[in-house]
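Protein chains in written order, with our numbering: chain R, 1 to 317; chain Y, 1 to 317.
A couple of the hints might just be wrong.
A pair counts as met if it fits within one copy or between any two copies, since identical chains are not told apart.
To be verified - With a cut-off of at most 27 Å between alpha-carbon atoms, the simulated DSSO-like pairs for lysine-lysine come out as follows:
1. Lys83 / Lys307
2. Lys152 / Lys83
3. Lys7 / Lys258
4. Lys307 / Lys258
I should point out that these hints are in silico values taken from the structure, not numbers from a laboratory.
Number of protein chains: 2
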Amino acid sequence: MCDKLPKNFNDEAAVFAKENGGLIGLSGGRDSVALLLMLKQVLKFPHLAACHVNHCIRGTEADADEQFCADLCKRLDVPFFCKRVDVPALAEQTGMSLEEAARAARYQAFAENQSGCFIVLAHHADDQAETVLFNMARGATGPRGMRAIDTKRGILRPLLNVTRREITDWLVARGETWRDDSTNAIADVTRNRLRHEVLPLLNDALGRDVTPTLCRAASLFHETHDALSEAIHALPTLDPQGRLYLPFVLQQSTALRKAIIHDYLRSRGVPNLSEATVLAVDAILPPGAEHSRICLPGGILAIRHHKRLELQWPEGR
Amino acid sequence: MCDKLPKNFNDEAAVFAKENGGLIGLSGGRDSVALLLMLKQVLKFPHLAACHVNHCIRGTEADADEQFCADLCKRLDVPFFCKRVDVPALAEQTGMSLEEAARAARYQAFAENQSGCFIVLAHHADDQAETVLFNMARGATGPRGMRAIDTKRGILRPLLNVTRREITDWLVARGETWRDDSTNAIADVTRNRLRHEVLPLLNDALGRDVTPTLCRAASLFHETHDALSEAIHALPTLDPQGRLYLPFVLQQSTALRKAIIHDYLRSRGVPNLSEATVLAVDAILPPGAEHSRICLPGGILAIRHHKRLELQWPEGR
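Chain R with its partners taken away, still in its complex shape (with noise of 0.2 Å):
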């Protein structure tokens, strides 16, 4: 049995939860399959258990995929846990679309069973590709994709560089089946005309797979964005009460001006930041501005006072 990882499986990913244990999001599709079994067989990892959301959508299938996780834990002697909901009654009630809800019980599921441990799931490549061309597409501030070492939300995702052809040769090689899962049935219908209109006519206008260069567009994206969060935090711009101290931010460029706002405004957890929310306060920095204070979103005041900006709660937070 060929005990070799896809080339572009992410060991730095894989490391996270061998040291703190993982929990697999366990659909029992290709990617998660191959997933548990590189963790399990190749890797060895001690501390792996494996989660499946049985999602009552499609019903004789979906207890089949539930059945099929639990016969491949027992096989690997993995931890399994199983939980049901009824996701076409929760995007009912909350006007969640099939796919959302299917995602929210999902990581609800993952977080009831996760302590300390690390949510280990199996995005792989084309589900980045897919999910950077949305993001770019509708608007988000740029080729932001998933995280590979999502660290703040405990999540890591060894696959993120690894092709769903590379996946199913490598199950194969091995002679393991999966099932095509039942959620497959419902992905939304933006995200299968990018799958399987967009993606494929961007690829045959290219003349060669553009799924590799959307995934590193977006990890250059993160990288960007987390230096220039990190070279910002070793600038004077707070003061030691940690208020925006002007003198410094105002002899900054208009772009980096910008960053060191909304940096500010994230870190002080102001909601819904937006470019305009960044301009607004922009405008009430200098000196001679028209005003001194404003309103943020959450009813947060953003006030100008004696060379320093600080932000205001409303009464009762």
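We have chain R already, so just place chain Y on it with the hints.
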């Protein structure tokens, strides 16, 4: 006659041309005709000239384009420069595509007729969206697009956030005409497919026009990179001799360290910079690293020496 400019016309870019003079690239197509009318008739800029390049691609049509531009400039009292370039021959000689050769010929002609003033180009939002998608898909580092104000290259693009439709409506409302200029016939296959197939499909899948969101992604991309570069320059990354000061650099995270190294190598003129080069340099920085020097593109040596990194050019440069 309506003297209102389209709402996303970039005043800031236009002002550069007003103050420093502008040479408009005039093809006779709708975009450049509109741009010339906006700057001359609406904004009444005093120092304007136009430059037309006859690409000698479709004989009589190209000649009619040239005549149209000459007549328009005469009517508007704008100095008119014209240059004939045998683009098919240039493409043949250089191995460039017709489109690449035409672009090279145009920029060459602009440069010849420009002295201290800005080149003002009529690229619009649809061009930008196409460029962003093209760059993303072919593996640029992100949604890199054109800049509305490119002071390094002396280029201004006041229409960069105005759509083709807004430009057409503007011209029609003023009763102006234009030529379907002959260079449209030589757009390369990939760009044509992005324009006529991929972008319309993307719009349809998302149920909205993705042009503004792709344009916004590009402007945020450039702004983020500008802010990062400026922030890095404000950090103590260099010693007084301009060498990379490693005790500071090595304290930073991988993301910021890579950005610092990239910025250092780029600002020193290392050619063909890639992520691989940045990572290779990063690997020699730690005091205990196996190697303390590495050869970069262009035969440049990167050498770690006494807590500093410096570059050594090959003899004769």
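Hint by hint, here is what the structure shows:
1. Lys83 / Lys307: neither (55 Å within a copy, 56 Å between copies)
2. Lys152 / Lys83: within (25 Å within a copy, 59 Å between copies)
3. Lys7 / Lys258: between (40 Å within a copy, 23 Å between copies)
4. Lys307 / Lys258: within (17 Å within a copy, 34 Å between copies)
Checked against the numbered hints listed earlier, the structure breaks hint 1 alone; every other hint is satisfied.
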